[in-house]
Amino acid sequence: MPNKGQSSSEGYGLLAPTLVVMGVALAAPLLLMVLTSLQAQSGPGFAAGWTLDQYGAVLGRASYRLLFLRSVAISAAVTLVTVALAYPMAYFVAFHAKHKFIWLVALTIPFWTSYLLRVFAWKIILGYGGVINSALMRLHLIDQPLGVLLYNPFAVVVTLAHAWAAFAILPIYVSLEKIDRSLLEAASDLGDGPLRRFLRITLPLSMPGVIGAAILIFVPTTGDYVTPALVGGTQGTMIANLIEVQFNSVGNWPLGAALSLVSMAIVAVIAGLFLASARAAAKAAR
Amino acid sequence: MKSKTLRLYAFAYLAFLYVPVLVLPVFSFNNSQFIAFPLSGFTTRWYGALAADSVLRHALSNSLTVGIVTALLSTMLGLAAARAVTRYRLRGAGAALGFISLPLFIPDIVLGLSLLMLLGAVGLPLSLAAVVLGHLLVCVPFALTVLIARFEGFDKNLEEASADLGEDGWMTFWRITFPLMLPGITASLLLTFITSFDEFLVAYFLSGTEATLPIYIWGQLRFPERLPMVLALGAIILAVSVALVIAAEYIRNLGVKKPMVGA
Numbered sequence: 001m002p003n004k005g006q007s008s009s010e011g012y013g014l015l016a017p018t019l020v021v022m023g024v025a026l027a028a029p030l031l032l033m034v035l036t037s038l039q040a041q042s043g044p045g046f047a048a049g050w051t052l053d054q055y056g057a058v059l060g061r062a063s064y065r066l067l068f069l070r071s072v073a074i075s076a077a078v079t080l081v082t083v084a085l086a087y088p089m090a091y092f093v094a095f096h097a098k099h100k101f102i103w104l105v106a107l108t109i110p111f112w113t114s115y116l117l118r119v120f121a122w123k124i125i126l127g128y129g130g131v132i133n134s135a136l137m138r139l140h141l142i143d144q145p146l147g148v149l150l151y152n153p154f155a156v157v158v159t160l161a162h163a164w165a166a167f168a169i170l171p172i173y174v175s176l177e178k179i180d181r182s183l184l185e186a187a188s189d190l191g192d193g194p195l196r197r198f199l200r201i202t203l204p205l206s207m208p209g210v211i212g213a214a215i216l217i218f219v220p221t222t223g224d225y226v227t228p229a230l231v232g233g234t235q236g237t238m239i240a241n242l243i244e245v246q247f248n249s250v251g252n253w254p255l256g257a258a259l260s261l262v263s264m265a266i267v268a269v270i271a272g273l274f275l276a277s278a279r280a281a282a283k284a285a286r
Numbered sequence: 001m002k003s004k005t006l007r008l009y010a011f012a013y014l015a016f017l018y019v020p021v022l023v024l025p026v027f028s029f030n031n032s033q034f035i036a037f038p039l040s041g042f043t044t045r046w047y048g049a050l051a052a053d054s055v056l057r058h059a060l061s062n063s064l065t066v067g068i069v070t071a072l073l074s075t076m077l078g079l080a081a082a083r084a085v086t087r088y089r090l091r092g093a094g095a096a097l098g099f100i101s102l103p104l105f106i107p108d109i110v111l112g113l114s115l116l117m118l119l120g121a122v123g124l125p126l127s128l129a130a131v132v133l134g135h136l137l138v139c140v141p142f143a144l145t146v147l148i149a150r151f152e153g154f155d156k157n158l159e160e161a162s163a164d165l166g167e168d169g170w171m172t173f174w175r176i177t178f179p180l181m182l183p184g185i186t187a188s189l190l191l192t193f194i195t196s197f198d199e200f201l202v203a204y205f206l207s208g209t210e211a212t213l214p215i216y217i218w219g220q221l222r223f224p225e226r227l228p229m230v231l232a233l234g235a236i237i238l239a240v241s242v243a244l245v246i247a248a249e250y251i252r253n254l255g256v257k258k259p260m261v262g263a
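Respectively, the protein sequence lines represent chains A and B.
Under my numbering, think of the first position of the first sequence as 1, with each following residue one higher.
Under my numbering, think of the first position of the second sequence as 1, with each following residue one higher.
It is worth saying that the hints were derived from the structure and are not from the lab.
Treat the hints loosely; a few may be bogus.
What the simulated footprint calls covered on chain A by chain B, stretch by stretch (three residues with Cβ under 8 Å from a Cβ of chain B suffice, anywhere in the stretch; the number is not a length) [as the list claims (entries may be wrong)]:
#, segment
1, 59 to 66
2, 113 to 122
3, 199 to 213
4, 222 to 231
5, 244 to 255
Some residues of chain B that are not near chain A, with every Cβ distance over 12 Å (derived) [claimed, not checked]:
#, residue
6, Phe-11
7, Pro-20
8, Arg-45
9, His-58
10, Ile-109
11, Val-110
12, Val-122
13, Gly-153
14, Ser-162
15, Phe-178
16, Leu-180
17, Ile-194
18, Glu-199
19, Glu-249
Nothing here was measured: the structure is a model prediction, and the numbers come from that model.
Ideal Cβ positions, reconstructed from N, Cα and C, are used throughout, including at glycine.
Full structure from sequences and hints, please.
Set out below in structure tokens:
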């Protein structure tokens, strides 16, 4: 039998390669990003000395503030819509479906094709000569194709709610599936109707899945680049599009770095507040 | 009554998920370069055009290479790390896990750009190797999640019994641990491969002149006349992925029967 010290050094040895890779590919680049955000672009290089100018520009310019606000608002809407649409679906699979496994496979198959093309498909559906407009014209409900379906925040929300659906369905399904069925029977035996039973037992016990889904969707969608670029138009532009422009077209890396870090901080604060309030609500309900 | 409404909703939701995806195969067989209704007859010419495109073949082979290397590396790293946190009582294991999972909470654009800056600072060229490094960030947390779940549902006594019966560590690994972990390893390889194969933004910043398949697709989306061909590509990716998932499920069932999930 190996002694304790030896075996824990073995454990650290197993953990080390992953930590080294993450240190090189994650920690060092993020540190560099922080350092870059404290500099100023001067021609192809950086000016000498450290400065907080970039943060002043990021927080001071109204157009940037609007973009942050819009990104957060769009992601919040996406999160709400995706979770609200997915909950009844997950509930159906967990409590009413006969062939659960087939349902789960059927629900995940649409996510096994290219993300880019799934997003692009919405351009075809919402577009001028697209699926919705041709159907409405065929039914003589409209004479002219509707131009309002595409290139706006609404299109971004619908597209992202579709693209991230699996991230809501699966965690909610798992938490519903874990609920002890005898609790539901007990509630019924004690006289709760279906609605009261749902509100008192099922919904609170499935909250971990709902909260997990919300975080899993909110955090990455705030930084989504592809969807606003393809279906957002000028009104649906989000923060990632602005960051990309700073790096690729404008060539102002310090500003791009500061925009990245501020948006990460905003997302982290919102996600943290959300988790803390969810935890507080769970405590109060107990 | 209520369950009937719910069933109706479930099918409506399924339609919402499937309609956009079915647009790909439908228009890939449509005999017109315009992606609009009404459809104008059946053709397989877009698939022929795909087969003839050498840029596409190059991008495909780049994506396969990156996907396979990323899947193998992230699964090996995940396997070692998952074993470390489930088999040893390590101080700071929670913090290490948090650090490894951090990329899940960072937008892909930030992961890609910060790596781009690092490569620039140390003077390394953009390359497929850089893309693999970026993809490891995204894939290792997935591999770790899948593999930890598998290690936790695994009877430690089997390994101890093997050791008691005189097998050395290496033989125990090959005869007990590896077969029992195989379903988890398969799931991890599949998940990380698909994630890498489909990843666009990180690769977009790090690949330099070597396009991966999503970068190729992104480039094509700007040319309306190329679209039917791109949709044909999407239809093929969908068909192959579905076949892969079914094959993986089949392999999983060949392995050790795992206890039924849930009630």
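Results of checking the hints against the structure:
no.: 1; hint: 59 to 66; in the structure: violated (count 0)
no.: 2; hint: 113 to 122; in the structure: holds (count 9)
no.: 3; hint: 199 to 213; in the structure: violated (count 0)
no.: 4; hint: 222 to 231; in the structure: holds (count 6)
no.: 5; hint: 244 to 255; in the structure: holds (count 3)
no.: 6; hint: Phe-11; in the structure: violated (10 Å)
no.: 7; hint: Pro-20; in the structure: violated (4 Å)
no.: 8; hint: Arg-45; in the structure: holds (19 Å)
no.: 9; hint: His-58; in the structure: holds (17 Å)
no.: 10; hint: Ile-109; in the structure: violated (5 Å)
no.: 11; hint: Val-110; in the structure: violated (5 Å)
no.: 12; hint: Val-122; in the structure: violated (9 Å)
no.: 13; hint: Gly-153; in the structure: holds (14 Å)
no.: 14; hint: Ser-162; in the structure: holds (15 Å)
no.: 15; hint: Phe-178; in the structure: holds (15 Å)
no.: 16; hint: Leu-180; in the structure: holds (17 Å)
no.: 17; hint: Ile-194; in the structure: violated (7 Å)
no.: 18; hint: Glu-199; in the structure: violated (8 Å)
no.: 19; hint: Glu-249; in the structure: violated (8 Å)
When held up to the earlier numbered hints, the structure conflicts with 1, 3, 6, 7, 10, 11, 12, 17, 18 and 19 and fits the remainder.
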